Amino acid sequence: MVGAAMIALAPSGQFSLEWTHSVEHEGWREHWQLTDHHTLRLVGAAVKGSGAGMEPGPGGHFEDGWWVWPTTGPEVPDLELAASGATVSGWTLCSVGCTVIGAQREAPIRIAPCE
1 MVGAAMIALA
11 PSGQFSLEWT
21 HSVEHEGWRE
31 HWQLTDHHTL
41 RLVGAAVKGS
51 GAGMEPGPGG
61 HFEDGWWVWP
71 TTGPEVPDLE
81 LAASGATVSG
91 WTLCSVGCTV
101 IGAQREAPIR
111 IAPCE
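For the sequence shown, the tail end lands on 115 under full-length UniProt numbering, and the numbers increase by one without skipping.
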């Protein structure tokens, strides 16, 4: 796989993705969990503010400046993130540490469990 990179996850198998909303210019964060089936499941989300497409989900509460809520999304095999370089920000991917991905124009970024 050309251009592939591996990022170590915390022992819990959790990671977060955070970016700046392109219209509202506010933070958006998603928490993901690696499942026993080698898939990914969205388990929580948060927005810093609200506005165009940024309404908190059911069960949301305000915590440290963020609207935070749990989610019970379906398991997905992978995530594909566009990387146009023309958006407000890249994504900050955090688990053991944090790294910014997709801030420059490049091929789409695929996040998937190792097989």
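I should point out that these hints are in silico values taken from the structure, not numbers from a laboratory.
Computed from a prediction, not measured in an experiment: that's the story for all the values here.
Hints should not be assumed to be uniformly reliable.
Said to hold, decoys possible - Derived Cβ-Cβ restraints for the label pairs, each shown as a range:
#1 H61 with S89: 21 to 27 Å
#2 W69 with S12: 28 to 34 Å
#3 G59 with E106: 33 to 39 Å
#4 T71 with P113: 17 to 23 Å
#5 H25 with G73: 23 to 29 Å
#6 E106 with V76: 33 to 39 Å
Said to hold, decoys possible - Derived pair list, reagent style SDA-like, types lysine to any residue, alpha-carbon separation capped at 25 Å:
#7 K48 with D36
#8 K48 with S95
#9 K48 with E80
#10 K48 with E18
#11 K48 with S84
#12 K48 with G97
#13 K48 with T71
#14 K48 with D64
#15 K48 with L79
#16 K48 with C98
#17 K48 with A82
#18 K48 with H25
#19 K48 with Q33
#20 K48 with S22
#21 K48 with E26
#22 K48 with G60
#23 K48 with L17
#24 K48 with V68
#25 K48 with G73
#26 K48 with T87
#27 K48 with T20
#28 K48 with T72
#29 K48 with S89
#30 K48 with R29
#31 K48 with E63
#32 K48 with A103
#33 K48 with T99
Glycine included, each C-beta is placed from N, C-alpha and C at the ideal position.
Hinted pair K48 and L79, Cα distance within 25 Å: At roughly 22 Å apart (the allowed maximum being 25 Å), L79 and K48 satisfy the hint.
Hint consistency between K48 and G97 [alpha-carbon to alpha-carbon, up to 25 Å]: holds, 21 Å
Holds or violated: K48 to T87, with C-alpha atoms at most 25 Å apart: holds, 18 Å
Given hint S84 paired with K48 - CA-CA distance at most 25 Å: holds, 23 Å
25 Å limit on alpha-carbon distance, applied to hinted pair K48 and S89: holds, 15 Å
Distance restraint between K48 and D36, which requires alpha-carbon spacing of 25 Å or less: violated, 31 Å
Pairwise hint evaluation, E26 against K48, where the allowed Cα distance is 25 Å at most: Holds, at about 6 Å.
25 Å Cα cutoff - pair K48, Q33: Status holds; Cα separation ~22 Å.
Range hint compliance [Cβ, H25 to G73, 23 to 29 Å]: holds, 25 Å
33 to 39 Å as the expected CB spacing between V76 and E106, which holds or is violated: Violated - the Cβ-Cβ distance for E106 and V76, about 22 Å, lies outside 33 to 39 Å.
Hint consistency between K48 and L17 [alpha-carbon to alpha-carbon, up to 25 Å]: Since the Cα atoms of K48 and L17 sit roughly 14 Å apart, the hinted pair holds (cutoff 25 Å).
Straight-line alpha-carbon gap K48 to V68, limit 25 Å: holds, 9 Å
The earlier numbered hints that this structure contradicts are 2, 6, 7.
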